[in-house]
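Student: Whole structure, please, built from the sequences with the hints as guidance.
Quick mapping for you: the protein sequence lines, in order, are chains A, B and C.
If you count the first sequence from 1, position 90 lands on 90 in the numbering used here, and the numbers rise without skipping.
If you count the second sequence from 1, position 331 lands on 331 in the numbering used here, and the numbers rise without skipping.
If you count the third sequence from 1, position 39 lands on 39 in the numbering used here, and the numbers rise without skipping.
Some clues are possibly wrong.
What the hints assert, rightly or not - Simulated crosslink set (DSSO-like; lysine-lysine; CA at most 30 angstroms straight-line):
1. 54(A) with 202(C)
2. 373(B) with 471(B)
3. 102(C) with 361(C)
4. 284(C) with 206(B)
Source of the hints: derived by calculation from the structure; they are not laboratory data.
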Amino acid sequence: MIEIIIGKYNYWIYITLMMIGFYAMIAKGNLIKKIIGMNIFQTAVILFYISTGKVWGGTAPILWDKAVIYDNPIPHVLMLTAIVVSVGTTAVAIAIVIRIYKEYGTMEEDAILEIERKQAEELRKGNTGQREI
Amino acid sequence: MVEIVHSAAPLCAIGVSLVAVILMVISKGYPNLREFWTIGASILKFSIVVSMLPTILDGKVIEYSLYSILPGLDIKFRVDPMGIFFALTASFLWIITSFYSIGYMRALKEHAQTRYFSFFAIALSATMGVAFSANLFTTFLFYELITLSTFPLVAHTETPEAIKSSRRYIAYLLGTSIAFQLSAIFLTYNATGTLEFSNHGILAGKAPDMLLIIIFILFMAGITKAAMMPFHSWLPAAMVAPTPVSALLHAVAVVKTGVFVLLKVILFVFGVDLLSKLGVGTALAYFASFTIIVASFIALRQDNLKLRLAYSTISQLSYVVLAVALLTPGGITASIMHIIIHAFGKITLFFAAGAIYVATRKTNISELNGIGKQMPLTMAAFTIGVLSMIGVPPAAGFISKWYMISGSIEARQIPFIIVIAASTILNACYFLPIVYTAYFKRHDNEIYNEEWRMLNKGYGMINLNSEVRIKEAPPLMVVSLILTAIGTLVLFFWPSLFLELARMVVGVVI
Amino acid sequence: MNIAEHFPALVIVIPLLFALITWLAGLINRAFCWVIALTITFLCFLMSFSILNTVMHTGRISYHMGAWEPPWGIEYAIDYLNGFVLVVVSFIAFIVTLYSRKSVGLEIDEEKSPAFYSLYMLLFTGLMGMTITGDIFNLYVFIEITSLSGYALIAIGRRRNSLMASFNYLILGTIAATFILIGIGYLYMVTGSLNMADLREKLPPLYHSRVVLTAFGFFTVGLSLKLALFPLHIWLPNAYTYAPSVVSAIMAATSTKVGAYAMLRILFTVFKVEFDLNVVPVTKILLVLSCIAIIAGSILAISQTNIKRMLAYSSVGQIGYIVLGTTMANQTAMTGSIIHILNHALMKGTLFLVAGCVVYKTGIEDISGLKGMGQKMPFSMAAFTVGALSMVGVPLTVGFISKWYLATGALKAGMWFILPIILISSLLSAIYFWRIIEGIYFAPAVSSQHSEVSTYRSLDHHNPHPVSRSRDDAPPGMLIPTLILAGLCIFFGIAAYIPVSVAEKAANMLLGGT
Chain A
1 MIEIIIGKYN YWIYITLMMI GFYAMIAKGN LIKKIIGMNI FQTAVILFYI STGKVWGGTA
61 PILWDKAVIY DNPIPHVLML TAIVVSVGTT AVAIAIVIRI YKEYGTMEED AILEIERKQA
121 EELRKGNTGQ REI
Chain B
1 MVEIVHSAAP LCAIGVSLVA VILMVISKGY PNLREFWTIG ASILKFSIVV SMLPTILDGK
61 VIEYSLYSIL PGLDIKFRVD PMGIFFALTA SFLWIITSFY SIGYMRALKE HAQTRYFSFF
121 AIALSATMGV AFSANLFTTF LFYELITLST FPLVAHTETP EAIKSSRRYI AYLLGTSIAF
181 QLSAIFLTYN ATGTLEFSNH GILAGKAPDM LLIIIFILFM AGITKAAMMP FHSWLPAAMV
241 APTPVSALLH AVAVVKTGVF VLLKVILFVF GVDLLSKLGV GTALAYFASF TIIVASFIAL
301 RQDNLKLRLA YSTISQLSYV VLAVALLTPG GITASIMHII IHAFGKITLF FAAGAIYVAT
361 RKTNISELNG IGKQMPLTMA AFTIGVLSMI GVPPAAGFIS KWYMISGSIE ARQIPFIIVI
421 AASTILNACY FLPIVYTAYF KRHDNEIYNE EWRMLNKGYG MINLNSEVRI KEAPPLMVVS
481 LILTAIGTLV LFFWPSLFLE LARMVVGVVI
Chain C
1 MNIAEHFPAL VIVIPLLFAL ITWLAGLINR AFCWVIALTI TFLCFLMSFS ILNTVMHTGR
61 ISYHMGAWEP PWGIEYAIDY LNGFVLVVVS FIAFIVTLYS RKSVGLEIDE EKSPAFYSLY
121 MLLFTGLMGM TITGDIFNLY VFIEITSLSG YALIAIGRRR NSLMASFNYL ILGTIAATFI
181 LIGIGYLYMV TGSLNMADLR EKLPPLYHSR VVLTAFGFFT VGLSLKLALF PLHIWLPNAY
241 TYAPSVVSAI MAATSTKVGA YAMLRILFTV FKVEFDLNVV PVTKILLVLS CIAIIAGSIL
301 AISQTNIKRM LAYSSVGQIG YIVLGTTMAN QTAMTGSIIH ILNHALMKGT LFLVAGCVVY
361 KTGIEDISGL KGMGQKMPFS MAAFTVGALS MVGVPLTVGF ISKWYLATGA LKAGMWFILP
421 IILISSLLSA IYFWRIIEGI YFAPAVSSQH SEVSTYRSLD HHNPHPVSRS RDDAPPGMLI
481 PTLILAGLCI FFGIAAYIPV SVAEKAANML LGGT
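Tutor: Here you go:
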């Protein structure tokens, strides 16, 4: 039992971080907080991968003539890609949020939904079904 | 073994009117040319069908495989006695209806005539397709095509009532065919691995009895074009269509497709032996009897002429179902004969209704006082049609009633003789008053003239003509309805061709 | 060196490269972008076709990226399923590109159009990559490429609501992709391999270990969101409704299909069929979910008044069909699933393209805007009718073929209750499509002169037809692609053996494990 908690501490860390990020993504109303949560979530997974690549007594996976055993380089490589993906996603997300802020004047999800709801009601009353361009 | 002849004639019969549609659309601006294509196509179609007749009478069968979409789903045509029987009826009556349509449309100066004639032609193509289909898939394909192509015809007048009624029309026909008929087709394919029709059915021994009964029920529910209750409401709803549509489609093409497919399913998918074994024949006969009687009662209460004719059609269609459900030679002969007999009779009645509307703008029976004096030819034809419906010689209806009764006796099911007798009486009850009103009630003009004379007694005589002037519908229409009325009489005196075809069918299925 | 050997790589590399070149060319002259996009998609379509041809003749292609041997190098493995989906995706992309010029001109700011085409090429790259790759992590990368370009494309229009729709999709999509990443991580942890074929060999002894089961769970949830299987479909209606018409069209016709393909790969190639049936009852779960999706999608579509939203919910239902076929573990149903990938792409593509035409001409997205269009836009409306009849499943159209296979497959598997579900959803589709078709061709005339008449008592009463409007259909650049897709709906409904022969072989291979 202790073995599971202490021995596999990397998994516990990653799971906790992941849950924090997940919670932020879902429960927080501010769009920026959601993006932050998304980052935490993805970082947690990156940490998980790296942690699984660790070999007891291994050195960093860079060619070194004094090295006896290396860590597994593949997770590192994969995670480089994943980090890039994460950065890309964050960039797109922030770009969208900037435009949202320009259009709606707020970054709170509730306020935005309220504005959209009002707009939809007005359209229904106006009853044209015309899309505003 | 039956000799099979391979010929593209069935495809030609179907395709003729489709080609005509293209020509009609091209000649949109020239009404006479456009009408010429319709007439030409109908005559050509009938001739092609007639050309296939000698081969069939010889005992052979014509087949033509058009295309195989997937293994098990082939578009294949087979012309057999029953198919050609139906095809002859529909194509011949299309010729007459075309003339009638032209007269009707021009008299009323209707709109969208090209659309009307085009979809009419497509509907007839599809009817030929059903008549000549060799398997359930081809049948289903053309069955749905009929529904889709008659939709613009039902909604033709584009009034809100027409739109609403056409919605109901599509809802019933498309809904039940997708929900029930398609289910039954899938189940049949799963049980037997094929969808081809066969003389003694394909389902025997392929599935447990319970499943077979379920498939049967699904088929009966799914073939709503036969207007069995409770899925009959589409037919009265379709009466919003122009009368030529009601006449050909809803007295001949669409509804007869329904009973035709029903007959095909009963005789060529299930087979007489299997159904006798399952015992569903009697159940179906009771269902049909219910429809016959109830529809007749509803007809009694209708004042609108076309609606009364519609409920009469529902009732008469169930005659066909009742007859075939008896599963005896007499019954099967009756059901097949009734296809053409009812067709001629009902189309005459509808033609007359349309003629009355065109000439007088009247649609209700209560308004038809004395119209027999105003439109003698029309009402004479109408009377012949009525006699056929009731089953009185010398109108052809007598023949089918005769065979039905003999079929009941063969099946040793006496209750159905009572049903037939009762419905004959009911037929008389709702048809004869129309005839009486037309001939023996005094025309409004006469009453008006007499009152005027009475009022003016003391003021010197103004010699009013108390005669009712004859004012028939345009000649194209009147000639058509006289032709179909004569057809009804001809069928009584010379039914041999059709009886022969019917006997051939009985010969292969029993 | 035979260039044809390198098609698998070229099909990815060329669009990727030209995504950048498009944007650069757009700096010079905006008109170049469309031309480049069109040429590249057409080129890739030809290449995909050639790849499929090779597969049909010689069997499975295995292409080693950079000549590194798998399982250390990335392998592109193309078999019948892959090849089929590749051709479908590239063809649809080509047609939509053909269509896009005018539509983009209307719905997207002009200075953004180079960016649009650039993102479009990236989306295309991602889709092709997802389809063609044989390496799981590569799959994740391409999933993310597709998704990111998707998020951006949805938000690039002028419509304000698209921004929140895109953001929500982004959040949910990232969760899903990260779940897939977790799944990949677990599998790598226990097998040390990222190659799909290799995993297939290495996993069976580990099937009952918790790691593998968890990984499978993550995969299923993540992919279900990508392909919008109920109940993870919530992002789809808003995204498709508010995106520019071209984007809705391409995403509806391809992204979800490729997502379905990815799920098929994981379920049947990485994990063997026995796993799906015996170890985890995933087929039963997916069966229930897909049935609910089919019914729910259709029911929700009925109450919609916006065309695109209605088509979006209808898509949710159709995706249910695709997943349904995979759960029944017999060849007929699986063939139905795979063929529905093509068929739905054709049908939904047609419908969304017509919606785009209508928006282009009238600006109206509401169903009421279609009333009476039968006169004004006859060809577009004809295409719509064909697409609608195909969705209902009228014989001779492509929709009937899918339903035929799914229904017969279901009956063969003994699951007779699927039959009513399929037929009921056809009926529901008929309801919401027929309403529109009726409005198109029989727009209610001016009110009847006899207002007291309520039912059909006034038979044979005819009203003068309202003056027909002059014909003013969509421009040929938009109309021709729409009609091509509509024509194919009928063509493949009749000449069904062409795609079916490929789909059958693919189904066989997925289930039989050759």
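Student: Each hint should be assessed against the structure and marked as holding or not.
Tutor: Hint check results:
no.: 1; hint: 54(A) with 202(C); verdict: holds (22 angstroms)
no.: 2; hint: 373(B) with 471(B); verdict: holds (9 angstroms)
no.: 3; hint: 102(C) with 361(C); verdict: holds (11 angstroms)
no.: 4; hint: 284(C) with 206(B); verdict: holds (29 angstroms)
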